[in-house]
Amino acid sequence: MDPVSTEPKLRLLGGRIPYIEGPLKVSGRAEYTDDIKRPGMLVGRLLRSPHAHARIVSIDVTEARQIPGVHAILTGEKYPTQFGVLPITHDETAIAVEKVRYIGDIVAAVAARDEPTAERALAAVRIVYEPLPEYTDPHVSAEKVASPIHSRGLNGTNIQKEVIQHFGDVDAAVASAAHVVRVRGRFAGVTHAFTEPLVTIAESTPDGRLTVWSATQVPHYLHRALSEVLGIPMHRIRVIKPEVGGGFGGKSDPLPHEIACAALALETGRPVKMLFDREDVFLTNHGRHPTENDVRIATDADGRILAYDIEALIDGGAWSSFGTVTTYYNGVLSMGPYRVPNFRYRGRRVYTNKPPSGAMRAHGGTNIRYSIETAIDELAERLNMDPFDLRERNALPPNSTTVNQFRITSTSFVKCLHAARERSGWDGKHRRLPYGRGIGLGCGFYISGSNSPIHFTPKMPQCTVHLKVDMDGGIAVHSMQADIGQGSNTLMAAIVAEVVGVELDRVHVVRVDSDVSPIDIGSYSSRVTFMMGNATRKAGEAMREQLLHAAALLTGYPTERLEVGLERISVKHRPEVGVSYLEALHKAMERTGALLATGSYTSPPMGGDFKGARAGTAPAYSFGAYVAEVDVDVETGEYRVPKVWAAFDCGRALNRLAVEGQIEGSIHMGLGQVMGESMNYRGSRLLNPALLEYKIPMPQQMPEVECLLVGDADPEGPFGAKEAGEGPLIAILPAVGNALYDALGVRFTDLPITPDRVVRGIEQRTAAHRSWKGA
Amino acid sequence: MSDPRILRLRLNGQPLEVSVPPERILLDLLREELNLTGTKRGCDLGTCGCCTVLIDGRPTLSCLTLAHLVAGREITTIEGVTPATGLNPVQKAFVELGATQCGFCTPGFVMTAGALLREHPHPTRQQIADAVSGNLCRCTGYSKILDAITAASRGP
Chain H
1 MDPVSTEPKL RLLGGRIPYI EGPLKVSGRA EYTDDIKRPG MLVGRLLRSP HAHARIVSID
61 VTEARQIPGV HAILTGEKYP TQFGVLPITH DETAIAVEKV RYIGDIVAAV AARDEPTAER
121 ALAAVRIVYE PLPEYTDPHV SAEKVASPIH SRGLNGTNIQ KEVIQHFGDV DAAVASAAHV
181 VRVRGRFAGV THAFTEPLVT IAESTPDGRL TVWSATQVPH YLHRALSEVL GIPMHRIRVI
241 KPEVGGGFGG KSDPLPHEIA CAALALETGR PVKMLFDRED VFLTNHGRHP TENDVRIATD
301 ADGRILAYDI EALIDGGAWS SFGTVTTYYN GVLSMGPYRV PNFRYRGRRV YTNKPPSGAM
361 RAHGGTNIRY SIETAIDELA ERLNMDPFDL RERNALPPNS TTVNQFRITS TSFVKCLHAA
421 RERSGWDGKH RRLPYGRGIG LGCGFYISGS NSPIHFTPKM PQCTVHLKVD MDGGIAVHSM
481 QADIGQGSNT LMAAIVAEVV GVELDRVHVV RVDSDVSPID IGSYSSRVTF MMGNATRKAG
541 EAMREQLLHA AALLTGYPTE RLEVGLERIS VKHRPEVGVS YLEALHKAME RTGALLATGS
601 YTSPPMGGDF KGARAGTAPA YSFGAYVAEV DVDVETGEYR VPKVWAAFDC GRALNRLAVE
661 GQIEGSIHMG LGQVMGESMN YRGSRLLNPA LLEYKIPMPQ QMPEVECLLV GDADPEGPFG
721 AKEAGEGPLI AILPAVGNAL YDALGVRFTD LPITPDRVVR GIEQRTAAHR SWKGA
Chain A
1 MSDPRILRLR LNGQPLEVSV PPERILLDLL REELNLTGTK RGCDLGTCGC CTVLIDGRPT
61 LSCLTLAHLV AGREITTIEG VTPATGLNPV QKAFVELGAT QCGFCTPGFV MTAGALLREH
121 PHPTRQQIAD AVSGNLCRCT GYSKILDAIT AASRGP
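Note that the protein sequences, when read in sequence, are chains H and A. When we follow my numbering, the leftmost residue of the first sequence carries the number 1, and every step to the right adds one. When we follow my numbering, the leftmost residue of the second sequence carries the number 1, and every step to the right adds one.
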């Protein structure tokens, strides 16, 4: 051990730490919301609009209310307060008021003694609709329309948000460029397809309190929205997050059904459970936006990037959701991993009469990255440069500032490139595999937590963690950070165990409960490891200090002469002199009883001084370089991805098991978007709201994945860590697209790349590529 | 709803006699009436595999099975394959190798994997992938699930 180091040598962190809830999950004993039963619990059900865009002329619930066993039926006018995840775009209501905006919009909610009774009640609700013009084409929505979907659309259009940014001088850069490549791409909407359906239980009690259990990624935003819409102060609402069966962004907005369920609980005085079926889940959506990108990249003769010029039209569906952020991200998240000296972006997000889109894993950074990486691959072809060399030449340097004033601290992007190139045997394979087989490179860049916390006034830390330890020596950890399966509870416990110097099984992460959990703003923007990790570390250090002081009293040595080992505090270089953890703890408790400690995280000031400057600012960024191999059946257009080399810079990986799990899961999800996932519409009607028709990749379609964790420690991340939850998704999409180009000589600019598109691509291959690799 | 009728079966090794309406689905019987909530409800349409139980040892989707159709059969749920203390070898491997993330699909995988290993004690990776292809997982990308089942097949 290094005698001068003040840093405790890491015992757990950096290794492979099995998830602490694992034993509960594999035995079916982990408690999800639908596993909870409350005494006298009623069934909540929703009536959904069959019209995509219509005025509600009248709703008559008289007959429905008289059905025996119906306890309450609610329509929109009772709670008309608008809400939404972003404070600047509140445009949703718990239940539709005056009009409906998509097929599936909620028009009534019922609480009944059982499901058949609830269904009968919904069937007895009489609604007269006056249909309005439907807007399903984003291009139409971008123009002036006869009957705007929301009154807040820009100048009589359905444009929800327009972002225009220009840094440097793009026209001059393009004029001086040796090469300009333009890539236009269309991206189908995709959705999260988490396995646990959305579900909420609400219970109002005679003490004037409301308790809500919900499958949510952001208990705090739900807490706020419930308070705002229901008009109940936050301290009288208790939000509990049981285990959550996956989220991927789809459980990050406060959702209308959660509020409707709580409203039914208030109305009945009884607990109400609202469990969604799969169609409900698909209609709630909030998945990745259908998007059209038009990207131009200009370089000089040596391949140095001179400018990006980007236009995007983003189909938002019926509500704003995270859409303003999406619109910014689709531009500004192209600021890495390459240096871009001149940048112009016009992004528009429009309302359409379709289920709302929102945040999905690698939100805002996925579709644009596919377009850019496709363009970069094409540039390499034109420049006759290796795609790795071109990217390395343009790599964003560490400790630099982008043209839009993002602060880049650590980046191991070049190390990612080197690792992926070497391990994949790229130089022997690129353009050298037989026709129908190919290898491709794609790269990624993502925020490690948004610097700009949504909904946060007054300014408070983005995360707070409390520790409590009593005489039994067990450490209870409280935080509203939301583990949705990614392993954040495990990391939180491991950081506490590491810093306080105890066995992992002494640490107990208390279920998220707003009555006791200090605020954290939840699992989104890939923020948890970075922000919760730092807050937890500080809390652990505060606890350690108390134990050190007690140990100093017991040993007679000053604290600076002591060091914390596993379950023991001893004198440096005299390990035989010391006290056990419990001895130190009990001494420390003599004056105050149970020990408490707190830690929090606030991101440092950063970003420029212009409209929208905060969008995309983050205390750190992740980087990735993935190589994928493809094997195409050129007759049927079907293809396999047998192997992926995933080099990723998440700083220092604190739990390698979890980081690998995030990378492998991201690759699965990204492959789904490449190979076939698509929310299919006929006009305004979603055609495939079920897991049989919306197919995620099967186990047989998963490639062998080699994870290459090459990141250097980040200066501000907890123990040097950065995010690994969302960024790992991004690079797989263009890696496969570019591998298909290598295999076939065909550029696929649109997603998904289904077999019929592959066959059509081969048939339409341009003259220049007609004899691609001897085909 | 029609009148309940008596249903007799064996559940997790014990005889069970219960009064069940004829339209009751096995998943509802297990979760809502018998409080065996380890079996998960993911889709109710037979598309996700979260509700997998064993009927006479064969993995079956309980959401597509009428309760009365299993009269006289042996039903095994995740509760029935979990030892009173500790975990079975498949469960241990899932924990140690990180094959469970959100965990919602996990009981279904454990049931399918257990049945596979009884039939094929040493399956190939391809056989494992084929066997679990009716169980959806959106978190892990299946890699660590296949690793865990392989590890369990090799013994401790």
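Derived from the structure by calculation, the hints contain no laboratory data. Where is the CB? At the ideal position from N, CA and C, for every residue including glycine. Hints are supplied without guarantee of correctness; some may be wrong.
Stated by the list, open to error - Selected chain A positions facing chain H (Cβ under 7 angstroms, derived; list incomplete):
| id | residue |
| --- | --- |
| 1 | H68 |
| 2 | P83 |
| 3 | F94 |
| 4 | V95 |
| 5 | C105 |
| 6 | T106 |
| 7 | Q127 |
| 8 | S133 |
What the hints assert, rightly or not - No farther apart than 20 angstroms at their CA atoms in a straight line, the calculated lysine to any residue pairs in the SDA-like style are these:
| id | chain 1 | residue 1 | chain 2 | residue 2 |
| --- | --- | --- | --- | --- |
| 9 | H | K643 | A | K92 |
| 10 | A | K92 | H | G15 |
| 11 | A | K92 | H | I232 |
| 12 | H | K37 | A | L34 |
| 13 | A | K92 | H | G608 |
| 14 | A | K92 | H | D505 |
| 15 | H | K695 | A | S133 |
| 16 | H | K695 | A | T150 |
| 17 | H | K695 | A | G46 |
| 18 | H | K429 | H | P23 |
| 19 | H | K37 | A | K92 |
| 20 | H | K538 | H | G556 |
| 21 | H | K695 | A | E32 |
| 22 | H | K643 | A | Q126 |
| 23 | H | K37 | A | E32 |
| 24 | H | K468 | H | K429 |
Okay, the hints, checked on the actual structure:
no.	hint	in the structure
1	H68	violated (18 angstroms)
2	P83	violated (9 angstroms)
3	F94	holds (5 angstroms)
4	V95	holds (4 angstroms)
5	C105	holds (5 angstroms)
6	T106	holds (5 angstroms)
7	Q127	violated (11 angstroms)
8	S133	holds (5 angstroms)
9	H:K643 / A:K92	violated (28 angstroms)
10	A:K92 / H:G15	holds (19 angstroms)
11	A:K92 / H:I232	violated (46 angstroms)
12	H:K37 / A:L34	holds (12 angstroms)
13	A:K92 / H:G608	violated (51 angstroms)
14	A:K92 / H:D505	holds (17 angstroms)
15	H:K695 / A:S133	holds (12 angstroms)
16	H:K695 / A:T150	violated (26 angstroms)
17	H:K695 / A:G46	holds (13 angstroms)
18	H:K429 / H:P23	violated (43 angstroms)
19	H:K37 / A:K92	violated (29 angstroms)
20	H:K538 / H:G556	violated (26 angstroms)
21	H:K695 / A:E32	violated (29 angstroms)
22	H:K643 / A:Q126	holds (15 angstroms)
23	H:K37 / A:E32	holds (9 angstroms)
24	H:K468 / H:K429	violated (56 angstroms)
Hints 1, 2, 7, 9, 11, 13, 16, 18, 19, 20, 21 and 24, counting from the list given before, are not met by this structure.
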